[in-house]
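Asker: The primary structure of each chain is shown beneath.
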Amino acid sequence: MNITVLYFAQLKQNRGLAEESVETDGGTVGGLYQSLAEQHSLGLPIEQIRTARNEVFCRPETPLEDGDIIAFMPPMSGG
Amino acid sequence: MGTSVEDNRRYRRQVILPGVGPMGQEKLRRARVLIVGMGGLGCPAAQYLAAAGIGTLGLADHDEVSPTNLHRQILYPDHSVGTAKVASSARHLRELNPSTTLVEHKDGITPGNAMDILSGYDLVLDCTDNFPARYLLNDAAALCRIPCIHGSIFQYEGQVTLFHPAAGFPCYRCLFPEMPSPEAVPNCAEAGVFGSLCGIIGSWQANEAIKWILRLGEPLAGRLKVIDSREGRDQLLQLQRNPECPLCGDNPRITEINPAEYRFAECRPAEAAGNPVDIDVVEAAALLEEDPSAVLLDVREPHELAICSIGQSLDIPLGELPGRVSELPPGQRILVICQHGHRSRNAAIMLRERGFANARSIAGGIVEWSRQIDGSLPMY
Ligand SMILES: [Zn+2]
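Top to bottom, those sequences are chains P and X. Each residue of the first sequence is one higher than the one before, starting from 1 at the first, in the working numbering. Each residue of the second sequence is one higher than the one before, starting from 1001 at the first, in the working numbering.
Keep in mind that the hints are not guaranteed to be accurate.
[What the hints assert, rightly or not] Distance windows between CB atoms, simulated:
| # | chain 1 | residue 1 | chain 2 | residue 2 | range |
| --- | --- | --- | --- | --- | --- |
| 1 | P | M1 | X | R1012 | 56 to 62 Å |
| 2 | X | E1064 | P | M1 | 52 to 58 Å |
| 3 | X | R1091 | P | M1 | 56 to 62 Å |
[To be verified] Cβ-to-Cβ under 8 Å is the rule here; a few derived chain P residues that face chain X:
| # | residue |
| --- | --- |
| 4 | F8 |
| 5 | N14 |
| 6 | G16 |
| 7 | A18 |
| 8 | L42 |
| 9 | A52 |
| 10 | P63 |
| 11 | G67 |
| 12 | M76 |
| 13 | S77 |
| 14 | G79 |
No lab work stands behind these hints: they were computed from the structure. All C-beta atoms in this analysis are idealised placements derived from N, C-alpha and C, irrespective of residue type, glycine included.
One chain only, chain X, in its complex shape (with noise of 0.2 Å):
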């Protein structure tokens, strides 16, 4: 564990500021904080919360260490992939700061263990980077009447905030009611993530988390930072409580933790029995040959596309697909593929939505391909 150095070294340019003192040290050791999504977010929070002196941070995360999150996911070292985000983040933190007890949520957050995980905390980080685990996060930590700091990422943007209704101030739901369609919004591993970006929405949220704890200046409640970090602008939009709030409204409609809120829609009328939206890319590159008026639908963006494609395609980037429906052929086979076969399914159902109904996904995407069919394609 190496040299531990005494507290009243460690913490001497933090104690000494206004509005911190030896009263505001002893606040931060009794903090329980809980971080949720142990990513690009989770981890710059996680080391200066923990330099902090953060008595007790809880890691909350289910996922391993995979080779694209080391661009921006600092805790771990180039050797820890495969291995468990929290148990990784846990070792380096402790020899970070010996003193804060790191309690280590393996499985993550679920709809099952939510409340029980959030009621042994003070304020929760919204550090996830889904919408199912960002919705039930702000239900669970308002319903446990403790603040939940947001921060998300698109691209070279990022917002963070302050939610907490239980002190009057708005919650998610009060921004957006209701969980977005999964087609309507990319995630990272669609839409593409700048790294150092991260760092500051993730250590805007361990600022307002240390805040929050001492009391101390304005919270960023009721109002959203966002932060263009390729052109150097800020933003701050105030937010008011929304009385129509499904959460915290004057007539919630949302009163405990229902699992089948945190769901994307996954079986839809769309995908009928007997005419799957998945294909298999041994079939799908056999009907391509075989039915030469079917049309390949590549939905990725254009810096993928730059890397590899399969020829003879269309390409419309997933985003831009509920606009462009009409530069499809009705009623021909339209095979779609993307990356992994995530965003692909996504367009195949909303296409069916759209009155397509031999729209299909090629399942596993690309990468699949580059494996089964065609091992030539450059992979990323």
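Next comes chain P alone, as it looks inside the complex (with noise of 0.2 Å):
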């Protein structure tokens, strides 16, 4: 299935780039971060971030369904 993944903050400059495509098996929100994480560094465990698929935060258990736009968020606190 394809997946929208778009990236905030840190995780965006983490990745080098906003938003990408991605195939997958299928699986959940969270099994998909950490696949993206270890394959691009990310470097922030899942317990320090937030989900959200389509538009609403979700739990990582969340299962994906094909044409999600899942959004990865850590904290930011700058002011």
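Reconstruct the complex from the two isolated chains, following the hints.
Answerer: Here it is, written out as structure tokens:
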């Protein structure tokens, strides 16, 4: 299935892009993060980010569906 | 104080708006709004709130104006460097609108004063720049049952939302339940910040505050607005109240302000007696000369390295370090450097937790190195 991935803040910096399209066999939102984090050395463990599916924050164990837009967001503190 | 414009002329273009009117203007006059953090977000927010006629505006910040603030903290003129932010901003806001009562909280918000200060306001703007302050404000606002309008920035990206558990909306801990470790997320000094973006996010915070007071439109509650100013993209992410939230959930762990909750872990087990994390620059320079196997690890960002660096360093930005520790030689001395010694300290502590017992942080960073060791390094 095809998933659109959005990266925010530090993850965007670490990945070097804001958005990408990935092919996956399924699984969960958190599982997708873990494989991308490993592949691209994203640097933040899953416990320190929030995940969103189709513009709604969701738990990492949420299953993926074809065409999903998945966002990965770390906290930001600047002001 | 200059000429004072009478109120019915000052607010005319605002009062004629559908949804405002003379009653709305009177609500603004009676409102008490607290801004915590008079930095990049607090400056524009304060200007719009004062100009709109908020009756009582509290300004809380313990900091002084520094030269690196000026590109984004637009209340501070060049000559204000070194003066207290609260005093300097109050002076300018008084000129902007003499009828707004300004309350100066010069000590900023601390675990000791948070409940006292917040209980005197109708809503609070979180314009701070660090996690302990953000968690403290979130918790104190929820315990005082007032809304907390959150704004935050990372480089070219910003976000804004309204937290208010007493009205059934989520809080910051529904989003991020516990404070992240300091090594996980860099701050403005470390990551850089785009000045005009502060104006955008700070203005959104003022916008949400005025809307809330006037009961106008849809508040950004339960919705996190994310603005990417570089790509021109916005996102609006829906956030639900989390029943497991440690503050506003069904079985809350946090029911009062406990100072221990708002400290970064300052004394970790990794900092063993006899093996201090910090090393001073003179000692560090001598050690690097004596021990050719010692590694100098520079955790600054590439744009900082471009300005200056000390030769023979291994360069890994702090954010990438957790994923790249395998590049470090086990068993060797590792001396970590950054600009001021804050990031390097977090890096050294993290490395010790990962088994690099000989990781140390060069106190004062490259700034101190240029003072004591090599004055030819360009500074920033
Ligand atoms: Zn909550």
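Asker: For every hint, state whether the structure bears it out.
Answerer: Now for the hints, and whether the structure bears them out:
Remark: the range hint 56 to 62 Å for M1 of chain P to R1012 of chain X is upheld by a beta-carbon distance near 57 Å. Taken as a hint, the range 52 to 58 Å holds for the pair E1064 of chain X and M1 of chain P, whose Cβ atoms sit roughly 54 Å apart. Here the CB-CB span from R1091 of chain X to M1 of chain P is close to 59 Å, well matched to the stated 56 to 62 Å. Given hint, F8 of chain P at the interface with chain X, holds; its Cβ is 6 Å from that chain's nearest Cβ, closer than 8 Å.
At about 6 Å, the closest approach between the beta carbon of N14 of chain P and any beta carbon in chain X falls short of 8 Å, and the interface hint on this residue holds. The restraint placing G16 of chain P at the interface with chain X is violated, with a minimum CB-CB distance near 11 Å, outside the 8 Å limit. This hint holds: A18 of chain P has a C-beta 6 Å from the nearest C-beta of chain X, less than the 8 Å allowed. At about 7 Å, the closest approach between the beta carbon of L42 of chain P and any beta carbon in chain X falls short of 8 Å, and the interface hint on this residue holds.
For A52 of chain P, the interface hint holds, since its Cβ comes within 8 Å of a Cβ in chain X; the closest pair sits about 5 Å apart. With 8 Å as the threshold, the beta carbon of P63 of chain P stays out of range of chain X, its nearest partner Cβ sitting at about 18 Å, so the hint is violated. Given the 8 Å rule on beta carbons, the hint for G67 of chain P is violated: about 17 Å separates it from the nearest Cβ of chain X. Contact between M76 of chain P and chain X, as hinted, is supported at the beta carbon level, the nearest pair being about 4 Å apart and thus within 8 Å.
Given the 8 Å rule on beta carbons, the hint for S77 of chain P holds: about 5 Å separates it from the nearest Cβ of chain X. Hint status for G79 of chain P relative to chain X: holds, with the closest Cβ pair at about 4 Å, below 8 Å.
Hints 6, 10 and 11, counting from the list given before, are not met by this structure.
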